[in-house]
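Work out the full structure: start from the sequences and follow the hints.
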Amino acid sequence: MTIPAQAHVVTQPAQAPESVAVAERETVAPPARKPRKGSTQGTRSPWPVRAALRLVVPALILGIWWLLSTVPRLGLFIKDPVTSCERFVTDFLSSDPGSFFLGDATYHDFLPSVQRALEGLAIALVVGVVVGVVLGISPILTALFQPLVHLGRSLPSPALLGVFFFLFGTGDSPKVFLIAFSIVWPILLNTIDGVSSVGLARAQTAAVFRIPRRDVLFSILLPGAAPKIFAGIRTSLSFSLIIMIISELQKSENGLGYLLVQSQRNFDYAGFWAVLIALVLLGVAFNVIFKAIERRALAWHRGATQQND
Amino acid sequence: MKLMREPLSGRKQVVLGVVGTVGSALVAELVVRSGLIHVAGLPVPSHVLSGASRLVSDPVFWQQVFFTLGEWMLGLLVATVAGVLVGGLMGAFRSVFVAFEWPVESFRVLPSVAVGPILVLLIGPGMLPLALTVALSCVWPILLNTMYGVRSTDTTAVATARSFGAGNLRVLRQVKIPSALPFAFTGVRIAASIGLIVAVSAELLIGSGSGIGGYILSNTANATNLDLVYAATLVAGLLGVLVNVVLARLDDVLLGWKKGLAQ
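Residue numbers (this note's numbering), protein chains in the order written: chain W, 1 to 309; chain X, 1001 to 1263.
Hints may contain errors.
Partial pick of chain X residues on the chain W-facing surface, computed with a CB cut under 10 Å [stated by the list, open to error]:
id: 1; residue: Q1013
id: 2; residue: P1103
id: 3; residue: I1197
id: 4; residue: N1219
It should be emphasised that the hints constitute simulated quantities derived from the structure, not laboratory data.
These numbers come from a predicted model, not from an experiment.
All C-beta atoms in this analysis are idealised placements derived from N, C-alpha and C, irrespective of residue type, glycine included.
Have a look at this one:
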């Protein structure tokens, strides 16, 4: 094998298949970059000023929310922040230590929703990474299935909700499968992209030392693709919440999406706003947990990328 | 395991792509036809294709497709204007970043389709609440990418501009915004593919029968029309791919200079 002759050729896959996950690929960079403190203003402002700054926009939003709720006609369905929060507390929380201070709605709707979202995410993660590695290792397989993967990513999967109910019956499975089917694509695309651009130095090392397959997979390919896989999961995570809600609109007995529809049908708009608050809290929780996992899993990466590749 | 390989030529990739797509469709057709997997309701590629050809000649369907496309474009436009404006300011001024960080972080995670019903009540039915729902989920990638783009402006370029006597505003206008453009466009591309899916989702939830989502909704009511549902989804997906290709081309043509920027 004439490595020098191939050298500049092998680097190509990193840029060559320009259609592969270009969009997602470039999202990898931003999260890794830390905000430079005081980059434009030189000195940091004192803390009372910063605290005031932090609170001015949220206060403005709450103010507008409250103002809208006082308009006669709009007030019917825009409930003011205090009523909404009170409703959230009575629905989703309780004073009973036996149920861990969580209310009925948490057990009846919130947790089942979260469970389905997480099950869908787990399926999507396994399928996306396994298929992505298989396709990504071989340029021929990548080329064969590239159009289908791109089509899959563009399919408006919520439209298939009715079909999924038809295929998998009622209960949780059609919802979980719809979530998995919808969010597998960013993970799949990014895994293909990550695996097919391992970098010249690592590829040569693996070839020269004849590193066994297993080690190549678990010590070179997967860690090398991990930053991109995480970027894919980040996209999938926010998508999973949307699909979670959509999947509960029909033929459901519980879940946050079900609660949204029910509260609207019963003209119970305080309940509706309470669900919105629950959704924001859920999203923030997902985000915080994801960031913590990512930081741990990719801790080595920040150091490594400064020297290699 | 071989990691070193020759990249395939563009033509080979196209040929392989066609082979893979047609081959997968044939395999799926055979598997379903031969009864190897016997589940009612699975898509049979030939039925889906004939359904798609029927759709393509149906003016009502095209009306709905154009409705969805219009809604999507409007949403994307609103999201781009808002995202670039707020994201640019957040990137350029630390005080703006501090002020908007919490609201952005909490609204970003709120699934936009959940807000849809309220928008319908506020604005009334029609395209606008749907487009705003689309905008609500498209704005975040554009905003964040623009923000990171402005932040990662080459410090040498900024210093150069300053030493030529440019003030804060002029540096923003002539150095930071141009160098953030490629990032913003990347955001728009990500947003575009999210947008179509959200558009159809929103139509399913609050669309009152308009758009591709509405078309599908009225056809899933009786389960006999599954092929039509598959076909409509396929056509919508192909539209999404088409827009992606167009945006990628635009990216190359308009912002081709960013490759030099990276070095």
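Task: X/N1219 as an interface hint toward chain W, with CB separation required under 10 Å - done: Holds, because the Cβ-Cβ distance from X/N1219 to chain W comes to roughly 9 Å (cut-off 10 Å).
Task: Status of the hint placing X/Q1013 at chain W (closest C-beta pair under 10 Å) - done: OK, holds: X/Q1013 within 10 Å of chain W, min 5 Å.
Task: Interface hint compliance - X/P1103 to chain W, C-beta minimum distance less than 10 Å - done: 5 Å, holds
Open item on the list: Just to be careful: measuring from the Cβ of X/I1197 to every Cβ in chain W, is the smallest value less than 10 Å?
Closed with: 5 Å, holds
In the structure shown, no violation is registered for any of the earlier numbered hints.
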